[in-house]
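Based on the hints, put chains B and C in the right spot on chain A.
Chain by chain, the residues:
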Amino acid sequence: MGVRKVALSVLLVALCLLVLVPFVWMISSSLKHDNQVFTVPTQWVPREFVWSNYADIWTQIPMLAYLRNSAFLAVTISFLQVLTGSFAAYGFSKLRFPGRDWLFLAYLATIAVPWQAYMIPQYLIMEQVGLVDTHLSIILLQAFGAFGVFLMRQYYQSIPDELIEAARIDGLSEYRIWWRIMVPLSRPAIASLGLLTFVSTWNDYMGPFIYLTSNELWTVQLGLRSFVGQYDAAYAMIMTGSVISVLPVVLVFLLGQRQFIQGIATSGLKG
Amino acid sequence: MKRYPSALAAIAAASAIVLAGCSSSGSGPADPSAPVTLTVSAWNLDKTPEFNALFDAFEAAHPNVTIQPVEILADDYPEKVATMLAGGDTTDVLTMKNVTDYARYANRGQLLDLTDFVAELPTDKIAGLEPFDIGGKYAAVPYRQDFWVLYYNKALFDAAGLPYPDHITWAEYSELAKKLTSGTTADGQKVYGTYHHIWRSVVQAVAAAQTGGDQLSGDYGFFADQYALALDLQNSGAALDFGTANTQKINYRSMFETGQTAMMPMGTWYIAGIKAAIEGGTSSVEWGMAPMPQINAGGETATFGSPTAFAVNENAEHVDAAKEFIRFATGGEGAEVLAGIGVVPAYGSDAVTAAFTALPTDELSKATFTEDKEVVLEMPVSEVTSDIDTILEEEHELIMAGQKSIADGIRDAGDRVKNEVL
Amino acid sequence: MVSTAPALRKRRPPEPPAPTRRRRSLRPALVGWSFILPNFLGFALLTLVPMVFGLALSFMEWSPWGDPEWVGFENFERMLRNSTFWIALWNTTYYAAGHIPLTMAVSLGLALLLNRTLAGLGFFRTAFFLPYVTSLVAVAVVWNMLFNPASGPVNQFLQFVGVSDPPGWTSSTAWAMPAVIVASVWRDMGYYMVLFLAGLQTIPTELYEAARVDGANAWQRFRNVTLPGLRPTTFFVLIMCTVASFKVFDLIVVMTDGGPGRATKVLSQLIYEEGIREGRFGLASAISLVLFLLVAGFTVVQFLLQRRRED
Numbered sequence: 001m002g003v004r005k006v007a008l009s010v011l012l013v014a015l016c017l018l019v020l021v022p023f024v025w026m027i028s029s030s031l032k033h034d035n036q037v038f039t040v041p042t043q044w045v046p047r048e049f050v051w052s053n054y055a056d057i058w059t060q061i062p063m064l065a066y067l068r069n070s071a072f073l074a075v076t077i078s079f080l081q082v083l084t085g086s087f088a089a090y091g092f093s094k095l096r097f098p099g100r101d102w103l104f105l106a107y108l109a110t111i112a113v114p115w116q117a118y119m120i121p122q123y124l125i126m127e128q129v130g131l132v133d134t135h136l137s138i139i140l141l142q143a144f145g146a147f148g149v150f151l152m153r154q155y156y157q158s159i160p161d162e163l164i165e166a167a168r169i170d171g172l173s174e175y176r177i178w179w180r181i182m183v184p185l186s187r188p189a190i191a192s193l194g195l196l197t198f199v200s201t202w203n204d205y206m207g208p209f210i211y212l213t214s215n216e217l218w219t220v221q222l223g224l225r226s227f228v229g230q231y232d233a234a235y236a237m238i239m240t241g242s243v244i245s246v247l248p249v250v251l252v253f254l255l256g257q258r259q260f261i262q263g264i265a266t267s268g269l270k271g
Numbered sequence: 001m002k003r004y005p006s007a008l009a010a011i012a013a014a015s016a017i018v019l020a021g022c023s024s025s026g027s028g029p030a031d032p033s034a035p036v037t038l039t040v041s042a043w044n045l046d047k048t049p050e051f052n053a054l055f056d057a058f059e060a061a062h063p064n065v066t067i068q069p070v071e072i073l074a075d076d077y078p079e080k081v082a083t084m085l086a087g088g089d090t091t092d093v094l095t096m097k098n099v100t101d102y103a104r105y106a107n108r109g110q111l112l113d114l115t116d117f118v119a120e121l122p123t124d125k126i127a128g129l130e131p132f133d134i135g136g137k138y139a140a141v142p143y144r145q146d147f148w149v150l151y152y153n154k155a156l157f158d159a160a161g162l163p164y165p166d167h168i169t170w171a172e173y174s175e176l177a178k179k180l181t182s183g184t185t186a187d188g189q190k191v192y193g194t195y196h197h198i199w200r201s202v203v204q205a206v207a208a209a210q211t212g213g214d215q216l217s218g219d220y221g222f223f224a225d226q227y228a229l230a231l232d233l234q235n236s237g238a239a240l241d242f243g244t245a246n247t248q249k250i251n252y253r254s255m256f257e258t259g260q261t262a263m264m265p266m267g268t269w270y271i272a273g274i275k276a277a278i279e280g281g282t283s284s285v286e287w288g289m290a291p292m293p294q295i296n297a298g299g300e301t302a303t304f305g306s307p308t309a310f311a312v313n314e315n316a317e318h319v320d321a322a323k324e325f326i327r328f329a330t331g332g333e334g335a336e337v338l339a340g341i342g343v344v345p346a347y348g349s350d351a352v353t354a355a356f357t358a359l360p361t362d363e364l365s366k367a368t369f370t371e372d373k374e375v376v377l378e379m380p381v382s383e384v385t386s387d388i389d390t391i392l393e394e395e396h397e398l399i400m401a402g403q404k405s406i407a408d409g410i411r412d413a414g415d416r417v418k419n420e421v422l
Numbered sequence: 001m002v003s004t005a006p007a008l009r010k011r012r013p014p015e016p017p018a019p020t021r022r023r024r025s026l027r028p029a030l031v032g033w034s035f036i037l038p039n040f041l042g043f044a045l046l047t048l049v050p051m052v053f054g055l056a057l058s059f060m061e062w063s064p065w066g067d068p069e070w071v072g073f074e075n076f077e078r079m080l081r082n083s084t085f086w087i088a089l090w091n092t093t094y095y096a097a098g099h100i101p102l103t104m105a106v107s108l109g110l111a112l113l114l115n116r117t118l119a120g121l122g123f124f125r126t127a128f129f130l131p132y133v134t135s136l137v138a139v140a141v142v143w144n145m146l147f148n149p150a151s152g153p154v155n156q157f158l159q160f161v162g163v164s165d166p167p168g169w170t171s172s173t174a175w176a177m178p179a180v181i182v183a184s185v186w187r188d189m190g191y192y193m194v195l196f197l198a199g200l201q202t203i204p205t206e207l208y209e210a211a212r213v214d215g216a217n218a219w220q221r222f223r224n225v226t227l228p229g230l231r232p233t234t235f236f237v238l239i240m241c242t243v244a245s246f247k248v249f250d251l252i253v254v255m256t257d258g259g260p261g262r263a264t265k266v267l268s269q270l271i272y273e274e275g276i277r278e279g280r281f282g283l284a285s286a287i288s289l290v291l292f293l294l295v296a297g298f299t300v301v302q303f304l305l306q307r308r309r310e311d
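Protein chains in written order, with the numbering used here: chain A, 1 to 271; chain B, 1 to 422; chain C, 1 to 311.
It cannot be assumed that every hint is accurate.
Unchecked claim - Quick list of in silico lysine to any residue cross-link-like pairs, SDA-like style, CA-CA up to 20 angstroms:
1) A:5 - C:218
2) B:249 - A:24
3) B:190 - A:24
4) B:179 - B:236
5) B:275 - B:354
6) B:249 - C:136
7) B:97 - A:213
8) B:249 - A:46
9) B:190 - C:150
10) B:190 - B:157
11) A:5 - C:150
12) B:366 - B:300
13) B:418 - C:77
Claimed, not checked - Chain A stretches covered by chain C per the calculated footprint, using a threshold of three residues with CB under 8 angstroms from any CB of chain C:
14) 15 to 29
15) 52 to 65
16) 90 to 101
17) 150 to 164
18) 211 to 220
These are computed hints drawn from the structure, not numbers from a lab. Keep in mind that this is a model prediction, so the values were computed, not measured. Think of the CB as a built atom: it goes at the ideal place given N, C-alpha and C, for glycine as much as any other residue.
Just chain A, with the same shape it has in the complex (with noise of 0.2 angstroms):
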């Protein structure tokens, strides 16, 4: 057993260094002037470490504002998601309902459709109710996916009816049922849905791009972007930034991946 466990851990080991590779070209091209960091070959090692990289970021662009600006879209955003999302799986999943079937299909259909499609006339609605240059018009447009919905849906699936008829049976009323035994138990499938929706609108630019004009309300993504000019880009910035924007993400990642243990759904079972 132990020599299997090392194994596996080599195996491991080896297979995160191929999957950081860019990530550190990354930190290398962060700590680099503008002008050193595409070249050929490839400098892994800058030749001239740029700290003063970190620093001068904070300055050059107001990224504590915009790093605020993001942290609030994404936690709105990946609250409601859940929220509304495990809502509506649970009456797609465990109720009877006319038209349940063919809405979901209409859930179902819309994730097929690109962005692009209907970006426009998405855009002529948010200028009608005038909240183009407004963080709610990113939040409602990306509170109520069909994503969360369908993904709670099936984790739904998996926990059996009869738990549900059970507790029917002691009087409980569905919001209660949803309550007290959905959340608790759907737990991992919240903790994906949450951290998932928290690092698509963390990393998501063309949204923000199209409806914020004001540069008090700009995300990090935008803020980044802004380094990039008509003929050029300040391509050491945009790393050191990008390296600093990832960093709460890998947070909220260890944290949120806690909860895939082994064990937590049939504890909850059993209880």
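Only chains B and C this time, still in chain A's reference frame:
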């Protein structure tokens, strides 16, 4: 679904009201000294100092006007402006990043007709105005006119004992590039004789400007010699190969500023960039500027360029102030402000040249800047420009990456343009 | 075994015994709707409506600064005449055919590998998720460097093992797509790993113990316990991965921008260029509709296959 037509009608109605408001403010006796907040679309204010320089100078000259920039990322500027205009945006002044975008907006009727306004301007002094003429009408005025020159690294020429590339031909250029390819930089990087950036203009627009060929015609035989030259340089190792430059996203600034290339054809916007790099201590390149190499020796220099312009939004709220801003920015005062920060203004005069201090002081660099030359528009404007642009870009990539022969690439580009676009 | 039959199968009989039941009591319907409503309101107003409108545009000539005009199939005819459309359609299918199975296999493998107690587990999981959050520019540059025809480690390795004429990868029209697929699998595996990890938590450990008692080996446990238990998750991942593959955009734009030539140009790129850049909304919508039908077709097939397996 039903919301839609009504939403559209509402938009139409709203824009109609705005339009009516505009025309009345345009013709009515508006008080010229009343406080106005003028909105101007611009990209990357921090990295593009020309905008704030112009805004500050204008505000100083017009105390009642406050300019509020609408900052948009340079990367996807046209897409965002298109979306904003689709939504009925009322930003007063719109910066036209290039002539192709200008043609799109103007043809959709999203820009205010400035024909009468342009007639009052000193048009003989404004270079690059002609491409903005659409059927005898103007909807934008250029404030900046970049053209292509040959940058060179003096130290590398001196070390090789070669004369600076003063009005050379392409044959001489090729010979120089091969001779200058030797050794490595202090960082151990190979030094190339020249660097051709991956843009198709480096080959195609040069060929068009110097042979008189038309990039919209579908007959691209005139590209052949320039491609032969470019491929020969990369195959002989005198220029970095296209595949590497493209996939590694090579920055032309790195190539020149770190001394990895002795020569580089590039636009005049780079003057301000080199200046900033040297002042900021990230480069110590000793550089000079020469005219683009020519096919034959002795004639007038032919090169290509591309203007940047200001236009007024059809839905603008402050038309008078917007026109006043454009008059300022595209005239002598604006030009001196631009020249002062190393940007090449469209408006030309001796005072402007004198204000252009970013230039190296040698005679060749000065002559490159001031001599009489023919600056052909980088890509002619018509409704089919962007479709042809896409095709030429794709075939350029295939030829330069060695995936197609020059003849095949030129033939396929022509066939596609003729069959699918024209 | 837990019943995992998707609720959708119940829509097969056109009208279930619903009429009588519905009349008997409106309450279940109201309760059901009340669960869905909060999400549905936002979803319908901001996604469904613009989407339906966007797709309907494929039969119209429309620009935001003019009234829509019904043009029938004109946009589709233009689309079919466009050689880039056919190339992009083929490329998209090619990409999906490579990306879907590879990503599914790799991410499931990773999830299985990391669904246990192990020192540094959190670190390993984070490491494999990192590609998904690493800057796209970094991803593009590093992969292009690895794939560099002359000096890249990939080709140096191939030459080392005796391949005399290694491919040109992203500089070659024939090999650019495989290179992009490899990079994209590498990037996406962590994302789907997270979903599989969550799915693995639903399989009761008792089932594994029971299987072990019955003398099942690792492979049999995987076949008979893990795979059936993961079915709802697998279905979800498969659909999401299919959709994402057919809609691929960012990575291709940064890595090859559709090149060399049109070797890696995909449909969503074409939609963006025609729709947003050129303002040809009708044509862009027509292409979107094709993409939509393609993905919807795949989804339905997968759905039917899954149902047959369960019957």
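Hint check:
1. For a cut-off of 20 angstroms, the pair hint linking residue 5 of chain A to residue 218 of chain C stands: about 16 angstroms separates their Cα positions.
2. A threshold of 20 angstroms between alpha carbons decides the hint, and for residue 249 of chain B with residue 24 of chain A the separation of about 18 angstroms falls inside it, so the pair holds.
3. Proximity of residue 190 of chain B to residue 24 of chain A is assessed by CA-CA distance (about 24 angstroms); at most 20 angstroms being required, the pair is judged violated.
4. The hinted pair formed by residue 179 of chain B and residue 236 of chain B meets the criterion: a straight-line CA distance of about 11 angstroms does not exceed 20 angstroms.
5. In summary, the hint linking residue 275 of chain B to residue 354 of chain B is supported, as the alpha carbons are separated by about 17 angstroms, within the 20 angstroms threshold.
6. A threshold of 20 angstroms between alpha carbons decides the hint, and for residue 249 of chain B with residue 136 of chain C the separation of about 13 angstroms falls inside it, so the pair holds.
7. Between residue 97 of chain B and residue 213 of chain A, the direct Cα distance comes to roughly 18 angstroms. Compliance with the 20 angstroms bound is thereby established for this hinted pair.
8. Restraint check: the Cα-Cα separation between residue 249 of chain B and residue 46 of chain A comes to about 18 angstroms, which is no more than 20 angstroms; the hinted pair holds.
9. Distance hint between residue 190 of chain B and residue 150 of chain C is fulfilled; the C-alpha atoms sit about 15 angstroms from each other, no more than 20 angstroms.
10. Straight-line distance between C-alpha atoms of residue 190 of chain B and residue 157 of chain B comes to about 16 angstroms, which keeps the hinted pair within the 20 angstroms bound.
11. The straight-line distance between the Cα atoms of residue 5 of chain A and residue 150 of chain C is roughly 39 angstroms, outside the 20 angstroms bound, and the hint therefore fails.
12. Between residue 366 of chain B and residue 300 of chain B the CA atoms are separated by roughly 16 angstroms; this keeps the pair inside 20 angstroms, and the hint holds.
13. For the hint linking residue 418 of chain B to residue 77 of chain C, the alpha-carbon distance of about 18 angstroms falls within 20 angstroms, and the restraint holds.
14. Proximity of the segment 15 to 29 of chain A to chain C, defined as three or more residues with a beta carbon under 8 angstroms from a beta carbon of that chain, is established by the 10 residues found.
15. Closer than 8 angstroms: that is the beta-carbon criterion, and the segment 52 to 65 of chain A has 0 residues meeting it against chain C, so the requirement of 3 is violated.
16. Requiring three or more residues with a Cβ within less than 8 angstroms of a Cβ of chain C, the coverage given for the segment 90 to 101 of chain A holds, as 10 such residues are present.
17. For the segment 150 to 164 of chain A, the proposed coverage by chain C is satisfied: 9 residues have a C-beta within less than 8 angstroms of a C-beta in that chain, meeting the threshold of three.
18. Under the rule that three or more residues need a Cβ within less than 8 angstroms of chain C, the assignment of the segment 211 to 220 of chain A is violated, with 0 such residues.
When each numbered hint is compared with the structure, violations occur for hints 3, 11, 15, 18.
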